[in-house]
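Colleague: Sequence:
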Amino acid sequence: TDVAEAARYLVGVGRADCTGPVAQVPLMGYANPDQVGGGLLSRLYSRAFIVADPEDSKRVVFVSIDIGMVSQRVRLEVLKQLQSKYGELYRQDNVILSGTHTHSGPGGYFQYTLFWITSKGLIRPALSSIVNGIVKSIEIAHENMKKGRLFINRGTVENSQINRSPFSYLENPESERKRYSSNTDKEMVVLKMVDEDGHELGLISWFAVHPVSMNNSNHLVNSDNVGYASYLFEQEKNKGMLPGEGSFVAAFASSNLGDVSPNTRGPFCINTGDSCDNPQSSCPVGGAAMCMAKGPGSDMFESTRIIGQNIFLKAKELYEKASQEVKGPLSSAHQWVNMSNVSVELNATHTVKTCKPALGHSFAAGTIDGVGAFNFTQGSVEGDPFWDQIRDQLLGEPSNETKACHKPKPILFSTGEMTWPHPWHPDIVDVQIAAIGSLAILAVPGEFTTMSGRRLREAVKSEFDSHGTPGMNVVIAGLCNVYTHYITTYEEYQVQRYEAASTIYGPHTLSAYIQLYRGLAKAIALNATEDLPRGPEPPLFNVTSVTLLPSLSAESAPAGKTFGDVLEEVRPEYQEREVAEVTFVGANPRNSAENATEHNFLMVERYSNISSSWRAVLNDASWDTRFYWSKGSRGRSNVTIEWHIPAGTEPGTYRLRYFGHYKKRVSLFRIITVPFEGSSSAFQIT
30 TDVAEAARYL
40 VGVGRADCTG
50 PVAQVPLMGY
60 ANPDQVGGGL
70 LSRLYSRAFI
80 VADPEDSKRV
90 VFVSIDIGMV
100 SQRVRLEVLK
110 QLQSKYGELY
120 RQDNVILSGT
130 HTHSGPGGYF
140 QYTLFWITSK
150 GLIRPALSSI
160 VNGIVKSIEI
170 AHENMKKGRL
180 FINRGTVENS
190 QINRSPFSYL
200 ENPESERKRY
210 SSNTDKEMVV
220 LKMVDEDGHE
230 LGLISWFAVH
240 PVSMNNSNHL
250 VNSDNVGYAS
260 YLFEQEKNKG
270 MLPGEGSFVA
280 AFASSNLGDV
290 SPNTRGPFCI
300 NTGDSCDNPQ
310 SSCPVGGAAM
320 CMAKGPGSDM
330 FESTRIIGQN
340 IFLKAKELYE
350 KASQEVKGPL
360 SSAHQWVNMS
370 NVSVELNATH
380 TVKTCKPALG
390 HSFAAGTIDG
400 VGAFNFTQGS
410 VEGDPFWDQI
420 RDQLLGEPSN
430 ETKACHKPKP
440 ILFSTGEMTW
450 PHPWHPDIVD
460 VQIAAIGSLA
470 ILAVPGEFTT
480 MSGRRLREAV
490 KSEFDSHGTP
500 GMNVVIAGLC
510 NVYTHYITTY
520 EEYQVQRYEA
530 ASTIYGPHTL
540 SAYIQLYRGL
550 AKAIALNATE
560 DLPRGPEPPL
570 FNVTSVTLLP
580 SLSAESAPAG
590 KTFGDVLEEV
600 RPEYQEREVA
610 EVTFVGANPR
620 NSAENATEHN
630 FLMVERYSNI
640 SSSWRAVLND
650 ASWDTRFYWS
660 KGSRGRSNVT
670 IEWHIPAGTE
680 PGTYRLRYFG
690 HYKKRVSLFR
700 IITVPFEGSS
710 SAFQIT
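Quick note, the working numbering runs 29 ahead of the 1-based positions in the sequence shown.
Treat the hints as calculated values from the structure; they're not laboratory data.
Be careful, since some hints might not be right.
In silico EDC-like pairs for lysine to aspartate or glutamate, Cα to Cα no more than 20 Å straight-line [what the hints assert, rightly or not]:
hint, residue 1, residue 2
1, K175, D456
2, K266, D224
3, K114, E203
4, K350, E168
5, K660, E597
6, K692, E627
7, K345, E229
8, K176, E225
Derived Cβ-Cβ restraints for the label pairs, each shown as a range [claimed, not checked]:
hint, residue 1, residue 2, range
9, Q523, N300, 27 to 33 Å
10, K660, I299, 23 to 29 Å
11, F698, L577, 21 to 27 Å
12, E274, D85, 42 to 48 Å
Ideal Cβ positions, reconstructed from N, Cα and C, are used throughout, including at glycine.
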């Protein structure tokens with residue numbers, strides 16, 4: 030048959046900006062209160078993919094978003110907006126929202142109290158930009174549905190990951206470890222989408238790696254290594270377009286990345302340079318706070334590019350060679366579960382339970398990718414009396430029941446027993462599977478470790494097999510729907526490193542999820558998803574905004590200057606691989622985020638002699654530009670724009686432009702937002 034006859038699905042792709050405020054908002058991921066936004070390296074996007082059955086109303090929506098994780102608040106608000114726009118077309122069961130897990134995006138979009146501590150509360154502009162960006166990306170995909178075909182391919186990515194808790198991994202049974210060649214999952218799965226004429230629409234890649242090539246000293250908002258991979262793929266396919274523009278959409282989505290780091294040179298003591306690859310990730314001088322993993326590059330920017338490029342190149346190869354067509358019906362299954370109280374049948378005689386959420390001591394130690402703010406070491410099975418007292422005063426002693434349930438975890442925060450001002454951690458969690466023919470996407474609410482993910486995929490695959498649906502491609506999509514930290518195996522849990530201390534529902538968390546996802550897979554295989562109980566609905570707390578962010582007040586320029594004036598000019602001439610840099614009288618970038626959904630802060634322009642006019646070459650979504658904001662006193666601030674001129678840049682005349690908004694007081698009670706712009710002098714690239 031010809032291609033047109035073989036088009037099996039309707040397919041739509043969409044991309045929308047979800048960057049939000051790039052200044053003063055704490056970045057989400059390392060839980061480091063000093064790591065607040067101070068500018069922009071690359072924009073954050075929501076990338077949406079819709080697959081529909083041309084014969085009936087069945088649909089599946091997968092969205093990968095350049096954020097740390099999807100919060101319950103984000104999901105509930107997105108689904109509310111979708112319902113008001115599309116009725117029952119897009120629902121809890123058929124919409125998967127997955128965060129890429131970049132640690133350099135704005136925080137403040139959570140309703141559970143624990144996350145307020147490091148992100149200065151619930152920040153409405155950050156939440157709104159994420160929600161609106163996701164909805165907009167789905168709308169674009171919805172409006173661009175075409176007849177199309179899907180192809181799947183898988184392959185191995187080398188030199189891009191290490192296991193950052195190898196001592197925990199070694200606790201898993203030897204017989205199980207022997208079945209795998211590595212202590213990380215090196216497999217990438219790629220789903221390629223084309224229309225009925227073979228025109229390329231986009232792809233989704235699933236690969237397990239932490240997007241933490243940018244470390245916790247970074248203050249520029251960006252999408253990290255997987256975001257750079259998306260950028261490279263989209264730039265290649267959307268030829269001649271500015272970054273973030275063009276119809277081809279490439280998502281690099283997260284998977285079971287719980288114990289997987291991109292910092293491939295491993296852990297070293299920053300003070301002495303010695304290795305700290307020991308069970309405590311601790312240094313002889315300075316302890317665990319000195320132990321940091323190094324990426325392959327000379328700095329974090331270069332490491333991000335190296336890892337991102339590795340991932341991109343493998344995805345490109347798999348995409349180009351993809352020939353296995355995905356066909357078959359669409360289906361989706363979803364349940365809400367009270368994860369603090371699940372009974373798990375381990376075997377015919379043995380039933381165990383999950384626990385109320387709690388975090389252990391090693392949670393505060395952080396990891397070799399980002400150390401904790403406290404003096405704990407990883408693998409702590411003894412409480413530290415000083416912190417125990419603080420905890421008892423601040424937060425109350427955990428109940429004996431919770432202590433016993435979580436053993437051997439020494440509890441630092443008994444979040445499941447903290448309810449003021451409302452719960453600190455979720456009890457009600459989403460479990461979800463969407464099937465597109467032979468591809469089953471397991472949407473998991475957190476970070477499964479390598480071995481946990483292997484066990485989950487295997488269990489779901491065998492469930493499909495035993496109910497007459499053999500040969501399913503099972504992929505895990507991480508950081509979906511609600512954030513519940515980590516999920517380790519029972520064996521890894523026993524040694525209580527960071528990932529285990531952050532397995533919040535206790536030692537049997539993984540077994541509970543395996544039981545639940547088996548149930549969903551069975552329902553899909555038997556075509557009985559309608560019969561699944563919905564489960565208890567999650568709460569939507571009545572919080573509009575609670576924030577410690579400084580308020581936006583009137584701003585001023587230095588005497589004799591105005592907003593957008595140049596304070597430090599570019600040089601007249603540069604060569605490739607140099608950095609063109611200009612500093613302007615600036616204003617708080619938050620003004621722009623609150624003023625417009627999509628605001629571009631900068632342009633690199635080239636003078637065209639043919640048209641005698643300036644042409645945009647790059648915008649602020651480019652990875653070659655950096656936008657820095659620094660706050661001064663008395664309402665003043667500066668903006669510095671850097672262009673790291675890549676090799677192969679066309680010689681010619683260029684300039685750097687800045688676009689901002691400042692707050693102006695017009696009367697005692699009224700402050701308005703005024704747009705302005707600035708430009709460097711022209712300079713030559715020779």
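Colleague: Tell me, in ascending order, the numbers of any earlier hints that this structure violates.
Modeller: When the structure is compared with the hints, numbers 1, 3, 4, 12 turn out to be violated.
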